[in-house]
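J.: What follows is the residue order along each chain.
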Amino acid sequence: MNHRILLPTNGSLPALVATKEAVRLAKEKGATLVILRVVEQDPAMYLEQVSEDVGLRGGTGVDGVIFAQALAGEAGVRTEIIEREGAVTGEIIRAAEESQVNMIVMGSSNPRGLAGLYLGSVAEAVTKRAKVSVYIVKPTEEDIELALKLAKTPLPTPEENALRSIIHSRKFKVGLGLFGIYGVLYTTFTVLGTFGRDVMATRIAGLNVGLIMGMTVILLAIIMAVSFNYYAVKVEKEGL
Amino acid sequence: MAAVLDNSFKPLAFALFMLITIATMAISVYFSRRVRTAGHYYVAGGGVKWFVNGIAFAGDYLSAASFLGVAGMIAFSGFDGFMYGIGFLAGWIVALFLIAEPLRVMGKYTFADALVHKFKSKRVRLAAAISTLVVSVFYLIPQMVGAGTIVQPLIGLDYAWGVVIVGGIVILITATAGMVSTTWVQFIKGLLLLVAALGLTIAVLVLSGFGPLEFITHFLENGASNPSTGLFSHSGDVFLAPGIKFTNPLDYASLALALILGTAALPHILIRYYTVPKPSDARKSTVVAIIAIGAFYIMTLFLGLGANYFAGQGEFLINDSNLSAPTLANFAGGEVFFAIISSIAFATILGTVSGLIMAAAGAIAHDLYTEILGKKTNEKSALRVSKLTAVGVGVIAILLGIMAEGMNVAFLVGLAFAIAASANIPALICTLFWKGATEKGIVAGIFTGLVLSIVLIAISPTMMADPFFSLNNPGIVSIPAGFAVTIGVSLLDKKKQEVALATS
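In order, the protein sequence lines correspond to chains W and R. Mapping of the first sequence onto our numbering: residues 1 to 240, in sequence order. Mapping of the second sequence onto our numbering: residues 1001 to 1504, in sequence order.
Don't take each hint at face value.
Here are the simulated lysine-lysine pairs, DSBU-like style, with alpha carbons at most 30 Å apart [what the hints assert, rightly or not]: (1) R:K1387 <-> W:K149; (2) R:K1387 <-> R:K1049; (3) R:K1440 <-> R:K1496; (4) R:K1435 <-> R:K1380; (5) W:K173 <-> W:K29; (6) W:K128 <-> W:K138; (7) R:K1495 <-> W:K29; (8) W:K149 <-> R:K1049; (9) R:K1387 <-> W:K20; (10) R:K1120 <-> W:K149; (11) R:K1380 <-> R:K1440; (12) W:K173 <-> R:K1496; (13) W:K149 <-> R:K1496; (14) W:K173 <-> R:K1120; (15) W:K27 <-> R:K1387; (16) W:K234 <-> R:K1122.
Pairwise CB distance ranges, derived in the manner of DEER restraints [claimed, not checked]: (17) W:G76 <-> R:L1250: 45 to 53 Å; (18) R:A1458 <-> W:Y231: 20 to 28 Å; (19) R:T1229 <-> W:K173: 52 to 60 Å; (20) R:A1484 <-> W:V191: 34 to 42 Å.
Here chain R is said to cover these stretches of chain W; the calculated rule only asks that three of the stretch's residues, wherever they fall, bring their Cβ under 8 Å from a Cβ of chain R [stated by the list, open to error]: (21) 25-35; (22) 127-135; (23) 212-219.
Simulated from the structure, these hints should not be mistaken for laboratory data. Here a beta-carbon is modelled for each residue, glycine too, at the ideal position from N, C-alpha and C.
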């Protein structure tokens, strides 16, 4: 049977530690990792967030979903991504039921040593209401250091993301295709100039093969450049 | 009676020359007032419009190599010269489809920035800075040769003086203003050069009385002359097919590879990608450049063949292949046309040289001084270092330029392209498109390409009577070697890292 593990994450330190554990578990069981991010809309939930942030050294500035994807990708674990808006606890419970998971793995938001600030834990609330097992990961200092380190190394910068989005865009692939056509012609021109000089000297229509090919290579460059730009401008206008 | 261009002092030519040079300086001074920060100095604050930047690309690129060198090579070696033009343009296709937009996204000021962005390593920055510096110096040599050659008949000065004048003016421009002025200067000169080439092409066709294709057919039927003697030495079939210059067929392939990969690796071209605000503007300027440069090389064919044709008709002789286009201008339009054409050529050289010196100054001041030595004091001192570098590189270029007297400039540029392609292209391609590239691989690849290409040139027929390496252009060996080392070292490095991780 296909095992499914739900991982709610907000990019906080406990969530990152839980991510590591969830990926380990998913790999062990050959399970699919369902990554959930909940964007809060209800201002009343704000207090809950504050209590977590205070207790757990605030946010890490890490995109929890991308982090989980990267980690899962490395481990060869299948992933699904769910994004929800609303109250955190309720959305976690709903997502767990809708996507039929067998288990929820999440970080403990119980702030150690700051019991006085404790206002209520999402993990605790989920445990009470969930119909499946909930694995609450309590991070040790070591875990936190490790998760922080992990979070810092593999994540790409915005520039790298921009580079990747350019390289994977259709526009770039069209460019590559055109480059391929040009490359074939230029290579033919080079190979003939190197090994087929008699062919290059063969006369055609008052000119010879070499000159006609040379002119074609130049004109093709211009035509390709102009039509590629025309295409690219159109694509950019459509905002693709 | 057929004669070569004389080297006497010509008042009218001199006046025109002064006018164009002073106009260039004035533009620089005007724009220099707007240079405020180091960012402005290097790359015009990222605010240059794409059309201006595109023509400036052409101005940078067409310089001495094309107008003097390629036209001259076609006049003397026919098809093999045309091959240079085709290869020079092909490089822009690589720039357009593979490099322009990705590179614009990754970097801030220099080629090294883009590499460092990925590897966050000082060693990568050091390697890229050294490569930028070396390639700039090698590319400066043909520019200096072009300048020295052209001042002799233009204003009757010695070759060495021409080199010193160009070096001096450019040092002054770059040490006072920076990239904004060179972009505008290059734009104006790119435009002038295109107009001049068009005028000269029309003059060739009108004076010979042939249509464009008919003119080429005439060569095939009647053979070609040797422009330095005026005697007919080649049949049309030999002249308009590969083989006169590239006696070793592999030299043709080696040059073809160096040229198509070299353009995208030239530091003064790469740095220009950062002068436009957006990646899409980088693409658009490349397209403008391709149109302008492509049109120019087709015209160059007629300039070169025209020079050969009229030399064969006994109208003039050419003693230096670099002077083919200016000599043709002198015949077609007299001293005034000759002076205008030569002054424009001289001015383009000025612009190209300043672009190169800017790139070298950027490498030293920004990459070495600020980033590697960690002198993050302030922008003022970084700017001072880059100006000092401009002076230093300028002086070195002047000395090397004087030493390289008499060599064809397109040929010299072909060597600079081979070095640039060997050192920078493997690093650039692997950084942008291959996740497996590692810091060590990139550094090893850059140094392999750089050192191997220079060593192969040093033991080639160009430098030695009894060469160890039989090809004039090292590209076909050193470019694949650069790729092989970059990829090989990266793979080994990665394996080592994995072992280290597993045992830790």
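J.: If a hint holds in the structure, say so; if it doesn't, say that too.
T.: Against the structure, the hints:
Note on R:K1387 and W:K149: the hinted pairing is violated, with a Cα-Cα distance of about 41 Å set against a maximum of 30 Å. A C-alpha spacing of about 25 Å is found between R:K1387 and R:K1049, which places the hinted pair at or below 30 Å, so the restraint holds. A C-alpha spacing of about 12 Å is found between R:K1440 and R:K1496, which places the hinted pair at or below 30 Å, so the restraint holds. This hinted pair does not check out: R:K1435 and R:K1380 have alpha carbons roughly 37 Å apart, beyond 30 Å.
With a CA separation close to 38 Å, the supplied pair W:K173 and W:K29 exceeds the 30 Å bound. Pair hint W:K128 plus W:K138 holds up; C-alpha atoms about 17 Å apart against a cutoff of 30 Å. The hinted pair formed by R:K1495 and W:K29 meets the criterion: a straight-line CA distance of about 28 Å does not exceed 30 Å. At most 30 Å may separate the alpha-carbon atoms for a hinted pair to count; W:K149 and R:K1049 exceed this at roughly 43 Å.
Straight-line distance between C-alpha atoms of R:K1387 and W:K20 comes to about 52 Å, which puts the hinted pair past the 30 Å bound. Simply put, R:K1120 and W:K149 have alpha-carbon atoms about 16 Å apart, close enough for the 30 Å limit, and the pair holds. With a C-alpha separation of about 33 Å, the suggested pair R:K1380 and R:K1440 falls outside the 30 Å cut-off, and the hint is violated. Between W:K173 and R:K1496, the direct Cα distance comes to roughly 34 Å. Violation of the 30 Å bound is thereby established for this hinted pair.
Between W:K149 and R:K1496 the CA atoms are separated by roughly 20 Å; this keeps the pair inside 30 Å, and the hint holds. Distance check on the hinted pair: W:K173 and R:K1120 sit about 28 Å apart at the alpha-carbon level, within 30 Å; holds. Using a Cα cut-off of 30 Å, the hinted pair W:K27 and R:K1387 is violated, with the two alpha carbons roughly 58 Å apart. Only pairs whose Cα atoms come within 30 Å are accepted, and W:K234 paired with R:K1122 is rejected, the gap being roughly 40 Å.
W:G76 and R:L1250 have their C-beta atoms about 47 Å apart, which keeps the hinted 45 to 53 Å range intact. Roughly 45 Å separates the CB atoms of R:A1458 and W:Y231, a value that falls outside the hinted 20 to 28 Å. Evaluation of the 52 to 60 Å hint for R:T1229 and W:K173 yields a pass: the beta carbon distance comes to about 54 Å. Distance hint check: the CB atoms of R:A1484 and W:V191 are about 22 Å apart, inconsistent with the given range 34 to 42 Å.
Counting residues of the stretch 25-35 of chain W whose beta carbon lies closer than 8 Å to any beta carbon of chain R gives 0, which falls below the threshold of three, so the coverage claim is violated. Given as covered by chain R, the stretch 127-135 of chain W fails the check, having 0 residues with a CB less than 8 Å from a CB of that chain where 3 are the minimum. Three residues within the 8 Å Cβ limit are the bar, and the stretch 212-219 of chain W against chain R gives 5, so the coverage statement holds.
In summary, the numbered hints that this structure violates are 1, 4, 5, 8, 9, 11, 12, 15, 16, 18, 20, 21, 22.
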